[in-house]
Amino acid sequence: MELKRRMNGDVPMRLLLTVVMLLGAIIMIIPFIWMLTTSLKTPTEVFEYPIKWLPAHPTWDHHIKVWSGTKSFGTYYLNSLKIAIIGTVGATFISAFAAYGFSRIEFKGRNALFMVYLSMMMIPPQVLFVPKFIMFEWAGIYNTHWALILPGFFTIFGVFMIRQFFLSVPHEISESAFIDGAGHFRIFLRLILPLAKPALATLAIIDFSWQWNDYENALVFLIDEKLYTVPLGLQNFILENMIDYNGMMAAASAGIVPMILVFIIGQRFIIQGLTNSAVKG
Amino acid sequence: MRTNWMRRQRLLGYVFIGPSMLGILVFFLIPAAYSFYLMFTNYKFMSPNVDFTGLDNINRLLHDDLFYKSLKNTIIFLLAVPVSVGLGFLVAVVLNEKLYLKKLLRGLYFMPYITSGVAVAFVWMLLFQPKQGPINGLLRSIGIDHPPGWLSTTTSSMYAIDIIWVWFMLGYNMIIYLAALQEVSPELMEAAKIDGARKSQVLRKIIWPLVSPTTFLLLVTGLIMSIKTFGIIQAITQGGPGNSTTILSLYVYQNAFRYYDMGYASTISWALFVIILLITAVQWIGQKKWVHY
Chain A
0 MELKRRMNGD VPMRLLLTVV MLLGAIIMII PFIWMLTTSL KTPTEVFEYP
50 IKWLPAHPTW DHHIKVWSGT KSFGTYYLNS LKIAIIGTVG ATFISAFAAY
100 GFSRIEFKGR NALFMVYLSM MMIPPQVLFV PKFIMFEWAG IYNTHWALIL
150 PGFFTIFGVF MIRQFFLSVP HEISESAFID GAGHFRIFLR LILPLAKPAL
200 ATLAIIDFSW QWNDYENALV FLIDEKLYTV PLGLQNFILE NMIDYNGMMA
250 AASAGIVPMI LVFIIGQRFI IQGLTNSAVK G
Chain B
0 MRTNWMRRQR LLGYVFIGPS MLGILVFFLI PAAYSFYLMF TNYKFMSPNV
50 DFTGLDNINR LLHDDLFYKS LKNTIIFLLA VPVSVGLGFL VAVVLNEKLY
100 LKKLLRGLYF MPYITSGVAV AFVWMLLFQP KQGPINGLLR SIGIDHPPGW
150 LSTTTSSMYA IDIIWVWFML GYNMIIYLAA LQEVSPELME AAKIDGARKS
200 QVLRKIIWPL VSPTTFLLLV TGLIMSIKTF GIIQAITQGG PGNSTTILSL
250 YVYQNAFRYY DMGYASTISW ALFVIILLIT AVQWIGQKKW VHY
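As given, the protein sequences belong to chains A and B, one line each in that order. In this text, residue positions in the first sequence follow numbering that gives the first Met the number 0: the first is 0, and each later residue adds one. In this text, residue positions in the second sequence follow numbering that gives the first Met the number 0: the first is 0, and each later residue adds one.
If you're looking for bench data, these hints aren't it; they were derived computationally from the structure. Don't take every hint at face value.
[Unchecked claim] Result set (SDA-like, lysine to any residue): computed pairs, CA atoms no more than 20 angstroms apart in a straight line:
| no. | chain 1 | residue 1 | chain 2 | residue 2 |
| --- | --- | --- | --- | --- |
| 1 | B | Lys102 | A | Val18 |
| 2 | B | Lys102 | A | Ile26 |
| 3 | B | Lys102 | A | Leu15 |
| 4 | B | Lys130 | A | Met241 |
| 5 | B | Lys227 | A | Tyr116 |
| 6 | B | Lys102 | A | Ile29 |
| 7 | B | Lys101 | A | Met27 |
| 8 | B | Lys198 | A | Leu188 |
| 9 | B | Lys43 | B | Tyr258 |
| 10 | B | Lys102 | A | Ile28 |
| 11 | A | Lys51 | B | Ile134 |
| 12 | B | Lys97 | A | Thr17 |
| 13 | A | Lys107 | B | Ile134 |
| 14 | B | Lys227 | B | Gln282 |
| 15 | A | Lys107 | B | Tyr13 |
| 16 | B | Lys97 | A | Val19 |
| 17 | A | Lys107 | B | Arg7 |
Produce the entire structure from the sequences given, and follow the hints as far as they go.
Structure representation (C-alpha cells):
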C-alpha cells in the first residue's frame, strides 16, 4: 500500500521537476534562439515587445550580407578552419606522445618533470603576450597563421587528460607485447593509440572548440583583415555595422552555429573528457 | 646490463616527452623569463632605446589608481564563480533525481559552455540594450519602471558581465557535480531517507559535505580560469564605460597593445601571476583543512 502510494506519487513529482528544469534550460538557451530569430527578422521587428519568436516576414537578406562582398565570412571560415584543424591534429598527436612518455615509460625524474610541466599552467597568457609578440616578430611569424598554429600545438591540459587515460590502461597489455619483442614505439602506435581513440576524440573536440573560439590570441597576433579568423571577422563586422542589429545576429550565428553542431555530435565525448580530467585528477 | 636498460628507458622517455617539452620551453618558459626581464625595463614598442629602470614599474604600479580600480573590478568579476558553482550544484542535484528528458536537459544546460566564444557576447550586448532590449522590456512589463542600465552605466556594467559569466560557467560546474554525485553511494542516500531526514537536510548535511572536494576544485579552477579571461569584455565594452569593466587581464592587454607600454604591461601581468599563485597556495593549504573526505 505504502509502496503503491509512493510510486503513484512519483509520477506527478517527476513531471513537475522536469517542467521546472525545462524552464530553466530554456532560459539558458534563449540567447541562442533570440540570435537566430533576430537574424531572420526585419529591422523594425528587432526590439518589438512582447518578443516575436517567429518573424512575421522571415528574410535571409542579413545572412546573405554576412556571406557576400569583399568581407565575406567565407574567408574567415577558411582561416579559422585551417588554424583549428592543423592545430587540433598537431595538439592531439603531440599530447598523446608526451602523455605516453609521462605515464608508460619508467625513468628517473619523470614525476618531478611532470610537476614542473603542470606548473606552467599557472602562468597566465597575459604574461606571455608581450614576449611572444616580440619573439614572433623577430621570427617573422607575427601576423601569420603560424603565430596561432604553432603555440596551439602545445596544450598542457591535453597532455594531462590523455595521461589520465593512459594510466588507466592495465600494464599487462603492454607487458605481453614487450615479451613478443615490441618496442615502445610499436606499442604506442599499434596498441595504446587505438585503445585511446575515445580519449583522443575527446581532446580533439575540446581543443577544436577552443581554437575555433579563440579570440584573444588572434586579436594580439593578427592584423591583416584577410588573415582574420571568425571571432575577429565578427568583431570587425560589428564595428562596421553598429546599428544593423539583424546583420550582427546573422554574423553571430555564423560564428556559433558550427560550434552548436560540433556540440550536438560530440557532446558525449566532451562531457566524458571533462569529467575524467576533473574528478579523477 | 641493468644500468644500460635504465639509461635506454630514460632516453626513450625524453624522446616521447621531447617535442612537448620543446614547445613548452619555446612558448612558455622563455617568454615567461623574457617577460620577467621586461618588468624591469621601460620597453615600448617602436621606440629604439630600452633602459633598465629597476623597480620603477613596480613603484608605478603601486601608485596607479587604475590598477587598484581594475583589481576591484576583477574581484567583482570573480564573484560570478561562487554563484555559478552554487547554481551548478543545485541544477546537478535536481538532474540527479528521477526526471524525464534527463539527457536533453543536461545538454541544454551545458550548451553555453562549449559553444560560446566572443560571438555570444554580442548577443548579450543586444539583450542588455537598456532602452529597447528584450531584458528590460520584460522587466518593464512586470512593473519595474526603471530597470538597470546593464552594460551602459558604470555602476551596473561589471554585474552585467557577471551575469554573462555565470550563464557561461554554470553548465561546466553542473557536469562536474553530476559526475561527483555518481560517486555518492546510493545506500547512503537511501539510508538517510529511511531515517526520516528531510530532503533539504540530506542535501545540507550529507551531500554537500560529500562533494566538498569537487566544490573546492571548481572554485579554484573557476577562479584561475576567469582571472585569465578578457575576451568577452574586450569585445563588448573594451573596459568601459569609464573603465568600469577594466579587469586586470584586460588592463594588461590595453597597456601592451593599445598604449604599447610593454614594460609596464609585463609588470601588471606578473601581478596577475601573483594572484594565481595565491589562489593555488590557498588550494594546497585549504585542501587539507576544509575538505571533508
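Hints versus structure:
no.: 1; hint: B:Lys102 - A:Val18; in the structure: holds, 14 angstroms
no.: 2; hint: B:Lys102 - A:Ile26; in the structure: holds, 17 angstroms
no.: 3; hint: B:Lys102 - A:Leu15; in the structure: holds, 17 angstroms
no.: 4; hint: B:Lys130 - A:Met241; in the structure: holds, 16 angstroms
no.: 5; hint: B:Lys227 - A:Tyr116; in the structure: holds, 19 angstroms
no.: 6; hint: B:Lys102 - A:Ile29; in the structure: holds, 19 angstroms
no.: 7; hint: B:Lys101 - A:Met27; in the structure: holds, 16 angstroms
no.: 8; hint: B:Lys198 - A:Leu188; in the structure: violated, 51 angstroms
no.: 9; hint: B:Lys43 - B:Tyr258; in the structure: holds, 9 angstroms
no.: 10; hint: B:Lys102 - A:Ile28; in the structure: holds, 15 angstroms
no.: 11; hint: A:Lys51 - B:Ile134; in the structure: holds, 14 angstroms
no.: 12; hint: B:Lys97 - A:Thr17; in the structure: holds, 9 angstroms
no.: 13; hint: A:Lys107 - B:Ile134; in the structure: violated, 59 angstroms
no.: 14; hint: B:Lys227 - B:Gln282; in the structure: holds, 17 angstroms
no.: 15; hint: A:Lys107 - B:Tyr13; in the structure: holds, 11 angstroms
no.: 16; hint: B:Lys97 - A:Val19; in the structure: holds, 13 angstroms
no.: 17; hint: A:Lys107 - B:Arg7; in the structure: holds, 11 angstroms
Taken one by one, the earlier hints fail for this structure at numbers 8 and 13, listed in ascending order.
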